[in-house]
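A.B. asks: So the protein lines, in turn, are chains F and C. The first sequence lines up with residues 1 to 276 when you count with my numbering. The second sequence lines up with residues 1001 to 1302 when you count with my numbering.
Hints were generated in silico from the structure; no laboratory data involved. Where a beta carbon is used, it is the ideal one built from N, C-alpha and C, also for glycine. It is possible that some hints are incorrect.
[Claimed, not checked] Label-pair distances were calculated between CB atoms; the ranges are:
1) F:Thr132 - C:Asp1057: 22 to 30 Å
2) F:Lys104 - C:Tyr1044: 16 to 24 Å
3) C:Met1149 - F:Ile75: 40 to 48 Å
4) F:Ser67 - C:Ser1061: 45 to 53 Å
One-letter residues, chain by chain:
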Amino acid sequence: MKKKSWVKSIVYVALVIISGIIAFPFIWLIITAFKTYPDIYAYPILYFPQNITLEHFKYVFINLGFSKYFLNSLILGVGTAALTILISVLPAYATTRFDFLMKKPVLLSILVCQMFPQIVFIVPFFLFLKYTGLINSFLGTMVVYLPFTTPIAVWMIRNFFADVPKSLEESALIDGCSRFQAFYKISLPLVIPGIASVGIYTFIFSWSELMFSLSYLTSPSKQTVPVFLSLFIGQYQTRWGPLFAGSVVASLPPMIVFGFLQKYFIKGLTSGAVKQ
Amino acid sequence: MDTATKDKLILNKKNSLRYDLTKNAFAYRAIMPYVVFILVLVVYPVVQNIIISFQVDGAWSFANYIDVLFDPLFHLITINTIIWTVSCVVLDFLVGLGLALLLNQDIKGGTIFRTIILVIPWATPDIVAAVAWKWMYNDMYGVLNDILMKLGIIDEYLPWLAVPNLARLAVIIANVWKGFAVSAMFYLAALQTVPQELYEAAAMDGANSWQRFTKVTIPVIRPYIITTVMLTIIWTINYFPLIFTMTNGGPANATDTFVTYSYRLAFRFLDFSHSTAVSNINFIIVFTIAIIYTLSLIGKEE
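So that you can see chain C by itself, here it is in the shape it has in the complex:
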């Protein structure tokens, strides 16, 4: 590129920027507080979190990450986080879509069912949901053991929150109860975008209801499913109050996730260096998943 064109380009760019700033002066003034806020309250803390995680006694170092990554406890917590996230996301998807399909039926009293099924779990504050489930799981006075005994599913009371695998199952069930409603709402909104004519046309071609579901419903709501699943993954990995209240990561760290572990490091042991290292690892994982999903979404659309 010769200098003349280069100068011209720079000039153009300058002009367009100046033009943009004058023409849209109102817009720039309007977003100013938001931009300042993003820089001070989002960019700065994120950068600071990274800096803290790379420092040991005031010097730059990878030591915090090395400590964390080679710690067997961290390996267990990684496995826990994977089990927790995958189970919750799959169940939220299945329960959410299933209930959205049911609630999408045009029946009498639909609003009442909608209110009970979607609003009660969602509107219950996290801590209250945790309290309610903790009490239901109580090994001696818990109602769950009693009901399961009466139904003949178990033949002795189970110590739900005291045995590692049971505790894992217990927090997952409680979280699905708390979380499926958001998925169901999104799927319900999605189902209402499916044109009725498509069903009629499919029915005329002799498609049964399962075929109508897989050939008409699913393709139409596919983009909504992808968005919802992505959001559920992010929310589940980052979800804190339920596990913190019900088990605080126990028994024997079986329900510890990146988030509860990082929190405990920071506020029980005041070990900010390792806490920030763990939270940054968590952040990188969430971010990678989000990027992959977004890219695949863009790729599919083109």
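So here's chain F without its partners, still in its complex pose:
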């Protein structure tokens, strides 16, 4: 018994130190965002700044129009999530409820899509968007995100459909429901948690995606937060203040979502990924 409490306190100390190290880059980002310019470039480094300022936040929102990029990211994220859910719910349902010849190929396509690198699509999608006139549009960007969100969404929602007992639908069918009504009225409401975690996953993907958005959303009125931050680094190497303020704000939506829903979300993701 004595040894066990000794081990426990070592684990405890280790976790405290490791948490500190892991949280540090992010905490440092926040501290720097609230420092005045002289303090940012102070020597020796100021770990506990005396003067806290909101000037960088004001600058990034008022002078650089950050709220516009923030709104663009929101639109893109919500739209991508909605489109992904729309496309993935039915195949997820069909591959759990029916034993048909195309089931295996569909499931295989999910696995194979996981392996496709984004870079393979960068040139074809550029040509595709130019050809369809969807370049520099939210809709076009949502569409090219789908190959990276839909397969994993089908996979995640499948796990939730699998937990819905078949007998529920069978009794509805006997009561005169059509096949679609049985799906729509009985099973679909029961997998809303699964749909929610897919929505979160997709939103976060779109929120931080850089390669496609940087290449396809070229006009400033359409740019997202990552694109803005990336271009800002390129243009003003040394203006760290607004860059950090923008970065802190950019981290808020995913942090909030994960903070509240992490347990639930992690369960959905890992069960989808490791259950064979």
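With chain F's structure known, arrange chain C on it following the hints.
C.D. replies: Frame of chain F, contents of chain C only:
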């Protein structure tokens, strides 16, 4: 095979297909949009990418691949990609499994540690992680040099992102910070599947904790490890925003990988032919690794 059996087989096949289509009509209608989407947005672009890479001035040619494969810069980038992927995958595995073991301990305040260790790096957007690390690595005002000096590990400020090998190390560390959490989550989920009785039985047989780890934990979570490592390899090879933002492949191409190189060819030099050749080479490598892993996984299970 005589014609009679052949006809019968064809008939059977036809019947079963027709039977399948009628019986599962709902399923086929349900997957239709998904199938169309896969064909238009996955199959077509992949094929197009291959076609572009084999064309020079409208004619079929291997020239793009030959140019790329005999370019010394591409050899350097291949080495970079190997260093980057192997280091990140090994570190993600070690850090991820180690932290999963720690977080799996039943202690007070476990949820808080779990939230900090797993959520902060993972939820931070890629570009923000890149910004934060770029600032920490800054040679004059960076906090990393200051801390390392105070700890006595270095005795002068290091130009982290300006020297090839340091820059390689720097992007690898930043990526492990960003990426280990996903591995840790999978390993944590895996550890929770290990039956407690196995540990108790092993303890009764006099196994110490290291033996319990190697003889009980590892064999049980082995399939999870293989899956996670495979996914990490694929994600790491394909990972773009961190390197792009922190170094954009520099200094002197020391941190250039297939992905950043291919991207630069396409969007800075508008050289789609060579860009697609590089991205297809990257694709073939990723695909081969995935196939080998999958086959070995299936082989082991049988």
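A.B. asks: Which of the numbered hints are not met once you compare them with the structure shown?
C.D. replies: Violated hints: none at all, because every hint is consistent with the structure.
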